[in-house]
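Asks: Here is how the chains run, residue by residue.
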Amino acid sequence: MRRVFAQMRKELTQIARDRLALVLALVLPLCLMLLLGNAVSLTVTGLPIVVQDLDSTPASRDFVDAFRASLTFHIVSWPSSRPPADAFLTNAARAALVIPEHFGRDMARGRNTEVQLLVDATDANTARLVQGYAGQIVSNYRPEAQPVKADIRLWFNPGRDSKKFYGPGVFVMGISMFPALLAALALSKEGEQKTILQVYVSSISAHEFLLGKILAFVAIALAEAFLSVILLFSYFGLSFAGDPSVFIVATVLYAFCVAAFGSFIGLAIPSQAAAIQAVALGGFLLTFLLSGLIFPVQNIPSGIRWVSSMVWARYYIEIVRDALLKGGGWPAMWWSVVRIAQIGTVFYVLGWRKLRRMQLSI
Amino acid sequence: MTRLIALIRKELGQIRRDKRVLASLIVPPTVQLLLFGFALNPTVDHLKMGVVDLDHSPQSRDLIANMTESGAFRLANTYFSTDQLGTAMGRGDLDAGMVIPYRFARDLERGRQPDVQILLNAMNANTAAIAQGYAQNVLRNWSQVYPQLDGLHAQYRPISANDVSRRGRVVMHPAFLFNPGLVTPWFIVTGTLGVLLMLNGSLIASAALVKEREAGTVEQLLMTPAGTGEIILAKITPLFLLLCLMILFATALIRVAFGVPFRGSFLLVLAGAMLCMLSGIGIGTFIATFSKSAQQAQLMAFFVNPPLASLSGALTPVEAMPQWMQPLTVLNPIRHFGIITRSVLLKGSGLMAVWPEMLALIAFTAVLLTLSVMRFRKQLG
Numbered sequence: 001m002r003r004v005f006a007q008m009r010k011e012l013t014q015i016a017r018d019r020l021a022l023v024l025a026l027v028l029p030l031c032l033m034l035l036l037g038n039a040v041s042l043t044v045t046g047l048p049i050v051v052q053d054l055d056s057t058p059a060s061r062d063f064v065d066a067f068r069a070s071l072t073f074h075i076v077s078w079p080s081s082r083p084p085a086d087a088f089l090t091n092a093a094r095a096a097l098v099i100p101e102h103f104g105r106d107m108a109r110g111r112n113t114e115v116q117l118l119v120d121a122t123d124a125n126t127a128r129l130v131q132g133y134a135g136q137i138v139s140n141y142r143p144e145a146q147p148v149k150a151d152i153r154l155w156f157n158p159g160r161d162s163k164k165f166y167g168p169g170v171f172v173m174g175i176s177m178f179p180a181l182l183a184a185l186a187l188s189k190e191g192e193q194k195t196i197l198q199v200y201v202s203s204i205s206a207h208e209f210l211l212g213k214i215l216a217f218v219a220i221a222l223a224e225a226f227l228s229v230i231l232l233f234s235y236f237g238l239s240f241a242g243d244p245s246v247f248i249v250a251t252v253l254y255a256f257c258v259a260a261f262g263s264f265i266g267l268a269i270p271s272q273a274a275a276i277q278a279v280a281l282g283g284f285l286l287t288f289l290l291s292g293l294i295f296p297v298q299n300i301p302s303g304i305r306w307v308s309s310m311v312w313a314r315y316y317i318e319i320v321r322d323a324l325l326k327g328g329g330w331p332a333m334w335w336s337v338v339r340i341a342q343i344g345t346v347f348y349v350l351g352w353r354k355l356r357r358m359q360l361s362i
Numbered sequence: 001m002t003r004l005i006a007l008i009r010k011e012l013g014q015i016r017r018d019k020r021v022l023a024s025l026i027v028p029p030t031v032q033l034l035l036f037g038f039a040l041n042p043t044v045d046h047l048k049m050g051v052v053d054l055d056h057s058p059q060s061r062d063l064i065a066n067m068t069e070s071g072a073f074r075l076a077n078t079y080f081s082t083d084q085l086g087t088a089m090g091r092g093d094l095d096a097g098m099v100i101p102y103r104f105a106r107d108l109e110r111g112r113q114p115d116v117q118i119l120l121n122a123m124n125a126n127t128a129a130i131a132q133g134y135a136q137n138v139l140r141n142w143s144q145v146y147p148q149l150d151g152l153h154a155q156y157r158p159i160s161a162n163d164v165s166r167r168g169r170v171v172m173h174p175a176f177l178f179n180p181g182l183v184t185p186w187f188i189v190t191g192t193l194g195v196l197l198m199l200n201g202s203l204i205a206s207a208a209l210v211k212e213r214e215a216g217t218v219e220q221l222l223m224t225p226a227g228t229g230e231i232i233l234a235k236i237t238p239l240f241l242l243l244c245l246m247i248l249f250a251t252a253l254i255r256v257a258f259g260v261p262f263r264g265s266f267l268l269v270l271a272g273a274m275l276c277m278l279s280g281i282g283i284g285t286f287i288a289t290f291s292k293s294a295q296q297a298q299l300m301a302f303f304v305n306p307p308l309a310s311l312s313g314a315l316t317p318v319e320a321m322p323q324w325m326q327p328l329t330v331l332n333p334i335r336h337f338g339i340i341t342r343s344v345l346l347k348g349s350g351l352m353a354v355w356p357e358m359l360a361l362i363a364f365t366a367v368l369l370t371l372s373v374m375r376f377r378k379q380l381g
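Just so you know, the sequences run in chain order H and L. The numbers in our numbering rise by one with no breaks, and the one at position 230 of the first sequence is 230. The numbers in our numbering rise by one with no breaks, and the one at position 206 of the second sequence is 206.
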C-alpha cells in the first residue's frame, strides 16, 4: 500500500511541474464547460420572421402582435411586392406568415380563418420548433375558441432552459476527456522514453504500479469534478434534486473508470502522438456522439446503438442528469452505477494484463 | 519556377510513400460524415407516454388512440391515478403523460371546454418544445375532426355550439420549403462538411510542417537555393491538391449516402470549400509555428478545435446560442461555409445571395495564410 501511495505522489508531483498538463487538467475543462454549455443548444430564440399582411385590418394587426410579443420570433420588414419565400434565399428570414385578405371579416363573422406559415426547412429540427411555437401562438390567440384546452406542464426543467440539460452533459465530456488524456500521456511517455524498464526491474508489482498511477489521475479527475460542480451550481443554476449519495459514489467510480481507460490506452500504445489520437476517439468522439450528450440515444440507428451501451460516459450522463434535475435516486440509477464499475474494472484488468505480459516478456 | 516544381515533386513523392496520409484523406471524412449524419439526430418520435383516463368514454379512448398513434408518442402504459403516473415519470419510465379528466365527454358534448393535462419531461429542452407542439397539434386536429367522425361511435353534435355563439378560430397551414420531408441529416451533414475541411486541413498541415522540424531536416532545406517562401508554398500546394480530392470524395458521399439535393451551382460550393480549407491550412500552419513536436501540435489542437466546431452553427443553429455569443461566430470560417453550402445545395441560391460569405472566406484565407506564412518564415530565417 505504501508503494502505491509513493507512486501516486510521484505522478502528482510530475503533473504539478508541467504547466501544460495543469492547464489541461483544471482550466480547460472549465472553459470548455462555459463555452459549450452556452453554445450547444437546439432551442432557438429570436428567429427572423417575415409577415405579409394582405388584410391590414385591426384584427390582422392584433394577430400579428401576438407573434411580435413572442420571444421566439422577431419580425423583420420585407417589401410586400416581393414573394416572402425570397427572404429565405438570402437568409433574411427563417419563416414567413401570410395573412389572407378576408381575415378580419371572417373573424368578425365567427368563421374559421386560414393563415399560412412558410418555414425554411433546411434545418429540420428548427422547422419543427417553429411549427410548434407558431401553433401555440395561434391557439393562444383565441383560447376560448378551442374545443379542448391543453394544460401542458413541463416537469424537471419548467423554464425549458437548455443550459440545464447541456451543462451536465458537457461536465461529463470534460471529465471523460482530460483525465484520460493525461493518464494516457503519462503512461505512453514511460513507454516512449523506456523509463518503464526501470519499473520492470524494481520490486514494485504490476498492481501497485498501475493502481498508483490510476489513483493519481482519480485525484485529478475528482479535483476537476469538484471545480466543475461549483460552476454547475453557480453559473448553471443547478442543485441536487434529491439524494446526492448516488452522484458522489458514481463520480468516484467514474473517475476510476476514466483513469483506467487512459492508463490502458497509454500502456497499449507506447507513442504519445498516437495515444492522444486514441483518447480523442474514445474519450471525445464516443462521448460526444453516442452517449446522449446532445441528441437522444433512442435516435441513434439500431445498427450502431449497441455501441452506446458500452460507452461509459452514457451511464454517467444519466446519473448526473438524474441527480441534478430529476432526483430519482438509487432505485432509478443503481444499474448505471454498476455498469460504470464494470467497465472500469474491465479497463483495469486489460491494463494490468498488458503490463504483466510486458514484464514477463523481458 | 523550376525550383518550386522540383520541391513540389519532392513533397508529392513523400506523401505518396506515406500510406497514413492517404488513409487520413478517406477514413476521417467517411467516418465523421456517416457517424454524425446518422447518430446526431434530434428527431423527436416514439416518446413513451403514460395515460390516466378518468373518463372511460368513447371520446377519451379515441383521443388516446389519436395521440399515441401519431408517431410522436407511443402508449407505454395506462395508470389508475395521477400519483402513479408521477412516480413513473420520476423513475424515467415515461417521457410524457396525459390525464383525461372525469366528464371529458360530457363537457365536450355540451360545448364546454374540457381540459386535458399533458405532462412532459422537460430535461431536454428541445425534445420538450417539439413534443409540446406535437401534443397541441394532435389535440387541435382531433377536436376539429372528431365532431364530424362517423366511425365506430355514434355521431354527436355539440349541443350549445350553434353558429351564432361560436367564435371563429385561426387555422394555420404550415408549409416546409426546401426540405418538405424534414430530413434531419441534411442540416447536420452540410454543417459537418465545413468542420471536416477545417479540422482535417489544419491537422494535416500542422503535421506536415512539424514533421520536417522534428526530423531536423529543415536545415537541409534551408541550405538549398530555394527561398523560404518557395519552401512553404511547396509544402502547401500538394496538401491543397490532396485535400481537394477529399472535398470531391466528401461531397459525393453526402450526395449518395444522404441524398442531399444539389440545387444550386456546384462550382460555387467547390470554391467555398477550397477557401474554407485554405483557412484551415492557415490555422494548421499557425499551430505548427508554436509547437516543437507532433504531440504538442495535437495537444494544441485540443484548445483550438472544440471552440471552432461548436461556435460554427454547423451542428446546432446559431440562433440557439446566447445573444452575446452570436456575433463571435462571424469570426469563424466554418460558419460562413455552412451558410454557403446550405444556401446553395438546399435552396439553390446563387452568388448574388451568398457573396458576403464568399467575401468573408476570402478575407479569412488571405489573413490566416499570410499571418502563418510570415511567422513560419521568420522562424526559418
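Rather than coming from a laboratory, the hints here were simulated on the basis of the structure. Model, not experiment: these values are computed from the prediction. The C-beta atom is built at its ideal place from N, Cα and C for all residues, glycine as well. It cannot be assumed that every hint is accurate.
Claimed, not checked - In the SDA-like style, the derived pairs of lysine to any residue whose C-alpha atoms are separated by at most 20 Å in a straight line are: (1) K19/L <-> S203/H; (2) K149/H <-> K19/L; (3) K292/L <-> S271/H; (4) K149/H <-> V171/L; (5) K10/H <-> L28/H; (6) K149/H <-> Q296/L; (7) K292/L <-> V171/L; (8) K48/L <-> R17/H; (9) K292/L <-> K149/H; (10) K189/H <-> A21/H; (11) K354/H <-> V338/H; (12) K19/L <-> Y141/H; (13) K149/H <-> I64/L; (14) K194/H <-> A294/L; (15) K189/H <-> Q296/L; (16) K211/L <-> D62/H; (17) K48/L <-> P301/H.
Claimed, not checked - Counterexamples of contact, computed for chain L against chain H with all Cβ distances above 12 Å: (18) R17; (19) I130; (20) P174; (21) P180; (22) T190; (23) E214; (24) M325.
Asks: Tell me, in ascending order, the numbers of any earlier hints that this structure violates.
Replies: 1, 2, 5, 6, 7, 8, 9, 11, 12, 16, 19, 20, 21, 22, 23 and 24
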